[in-house]
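Produce the complete structure using the sequences and hints provided.
Take 1 as the starting number for the sequence shown in full-length UniProt numbering and just add one per residue.
These aren't lab readings, by the way, just hints derived from the structure by calculation. Ideal Cβ positions, reconstructed from N, Cα and C, are used throughout, including at glycine. Mixed in with the good hints, there may be bad ones.
In silico BS3-like cross-links for lysine-lysine, where the CA-CA straight-line distance does not exceed 25 angstroms [as the list claims (entries may be wrong)]:
#1 75 with 65
#2 75 with 59
#3 165 with 199
#4 75 with 98
#5 82 with 59
#6 165 with 95
#7 165 with 98
#8 98 with 65
#9 65 with 82
#10 82 with 98
#11 95 with 75
#12 58 with 95
#13 75 with 165
#14 65 with 165
Across the chosen pairs, the derived CB separations fall in these ranges [unchecked claim]:
#15 130 with 222: 31 to 41 angstroms
#16 95 with 20: 19 to 29 angstroms
#17 218 with 72: 37 to 47 angstroms
#18 105 with 51: 17 to 27 angstroms
#19 68 with 108: 22 to 32 angstroms
#20 147 with 19: 38 to 48 angstroms
#21 7 with 67: 26 to 36 angstroms
#22 147 with 22: 35 to 45 angstroms
#23 51 with 31: 18 to 28 angstroms
#24 226 with 147: 31 to 41 angstroms
#25 143 with 19: 39 to 49 angstroms
#26 72 with 23: 30 to 40 angstroms
#27 102 with 233: 15 to 25 angstroms
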Amino acid sequence: MTETARDRLIVGLDLPTIAEAEKIVTTLGDDVTFYKIGYQLVFAGGLEFARDLAASRKKVFLDMKLLDIDNTVAKGVENIVKMGMSMLTLHAYPKAMKAAVEAARGSDLCLLGVTVLTSMDEQDVIDAGYEYDPHTLVLRRAEQARAAGMGGIVCSAEESSAVRKIIGPDMALVTPGIRPAGAEKGDQKRVMTPADALKAGSSHLVVARPIVAAADPLVAARGILDEMNGALSR
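Here it is, written out as structure tokens:
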């Protein structure tokens with residue numbers, strides 16, 4: 001597991017165009033080394049941009065949340081390995097995870113199982129047809145991800161402590177929904193501050209809007225890094 005805040009902070013490039021993403025990366029410079037690219041940017045040319053970031057020695061978390069039949073997942077993962085990505089998400093369904101793990105075997109790609117989206121609360125989970133509350137569903141999927149040989153888990157920081165007990169010290173525990181004190185929650189329902197998330201057992205924090213939508217993204221990023229370093233030094 002990484003030890004410095006710089007290694008643990010993942011800035012989410014949740015932006016509509018490559019030009020805006022490039023501007024953020026340039027603005028943040030060497031202060032940030034890890035970026036997340038999801039659907040919004042992928043469908044604006046983000047896959048080539050992801051390759052370019054990796055070629056420039058930035059780490060890239062490709063947030064695709066894959067879920068399909070085994071062969072389709074495996075073939076997708078094989079090509080993502082060739083792109084030089086550092087992390088990839090897929091929904092934490094046992095068969096999909098097993099197929100992905102086999103496809104990524106021998107590579108440096110860290111596969112992350114998405115448990116329950118941080119925009120979902122108990123009523124959302126019920127409406128989706130699950131018999132478990134979010135916390136119980138997260139823990140069940142964490143157990144299944146560990147059994148499948150996944151590299152890590154994505155969950156709310158609220159579940160980090162309980163999940164860490166299940167997955168042990170070595171698997172990555174990536175938490176979105178991170179908001180500095182006083183920041184707007186947006187569409188997230190289960191959120192936590194950077195310091196509290198690290199204390200709870202998270203290994204990597206995904207921060208998007210509080211940085212990319214800030215008046216000064218570099219100042220915002222440095223503030224979060226300072227908070228993280230403070231938590232890690234205690």
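Hint check results:
Annotation: proposed proximity of residue 75 to residue 65 holds, straight-line Cα distance about 15 angstroms (limit 25 angstroms). With a CA separation close to 22 angstroms, the supplied pair residue 75 and residue 59 stays within the 25 angstroms bound. Between residue 165 and residue 199, the direct Cα distance comes to roughly 13 angstroms. Compliance with the 25 angstroms bound is thereby established for this hinted pair. For the suggested pair residue 75 and residue 98, the alpha carbons sit about 13 angstroms apart, so the restraint of at most 25 angstroms is met.
The straight-line distance between the Cα atoms of residue 82 and residue 59 is roughly 14 angstroms, inside the 25 angstroms bound, and the hint therefore holds. Pair hint residue 165 plus residue 95 holds up; C-alpha atoms about 23 angstroms apart against a cutoff of 25 angstroms. Only pairs whose Cα atoms come within 25 angstroms are accepted, and residue 165 paired with residue 98 is accepted, the gap being roughly 22 angstroms. Using a Cα cut-off of 25 angstroms, the hinted pair residue 98 and residue 65 holds, with the two alpha carbons roughly 15 angstroms apart.
Taking the CA atoms of residue 65 and residue 82, the gap is about 18 angstroms. The hint holds against a cut of 25 angstroms. At roughly 19 angstroms between alpha-carbon atoms, residue 82 and residue 98 fall within 25 angstroms of each other, so this suggested pair holds. Restraint check for residue 95 and residue 75: satisfied, since their Cα atoms lie roughly 14 angstroms apart, inside the 25 angstroms limit. With a C-alpha separation of about 31 angstroms, the suggested pair residue 58 and residue 95 falls outside the 25 angstroms cut-off, and the hint is violated.
Between the alpha carbons of residue 75 and residue 165 the distance comes to roughly 32 angstroms, so the proposed pair goes past 25 angstroms and is violated. The hinted pair formed by residue 65 and residue 165 meets the criterion: a straight-line CA distance of about 24 angstroms does not exceed 25 angstroms. Against the hinted window of 31 to 41 angstroms, the Cβ-Cβ separation of residue 130 and residue 222 comes to about 40 angstroms, which satisfies the hint. Judged by the Cβ atoms, the range 19 to 29 angstroms given for residue 95 and residue 20 is violated: they are separated by roughly 37 angstroms.
Checked against the given bound of 37 to 47 angstroms, the beta carbons of residue 218 and residue 72, roughly 40 angstroms apart, stay inside it. Look at residue 105 against residue 51: about 22 angstroms separates their beta carbons, and that is inside 17 to 27 angstroms. Remark: the range hint 22 to 32 angstroms for residue 68 to residue 108 is upheld by a beta-carbon distance near 23 angstroms. Between residue 147 and residue 19, the C-beta spacing of about 43 angstroms keeps the proposed range 38 to 48 angstroms intact.
For the hinted restraint 26 to 36 angstroms between residue 7 and residue 67, the CB-CB distance of approximately 29 angstroms keeps it satisfied. Under the hint 35 to 45 angstroms, the C-beta atoms of residue 147 and residue 22, about 40 angstroms apart, fit the expected range. In this structure, residue 51 and residue 31 meet the distance hint of 18 to 28 angstroms, their C-beta atoms being roughly 22 angstroms apart. At roughly 38 angstroms, the beta carbons of residue 226 and residue 147 sit within the given window of 31 to 41 angstroms.
The beta-carbon spacing between residue 143 and residue 19, approximately 43 angstroms, falls within the hinted interval of 39 to 49 angstroms. For residue 72 paired with residue 23, a C-beta distance near 35 angstroms keeps the hint of 30 to 40 angstroms intact. Taken as a hint, the range 15 to 25 angstroms is violated for the pair residue 102 and residue 233, whose Cβ atoms sit roughly 40 angstroms apart.
The earlier numbered hints that this structure contradicts are 12, 13, 16, 27.
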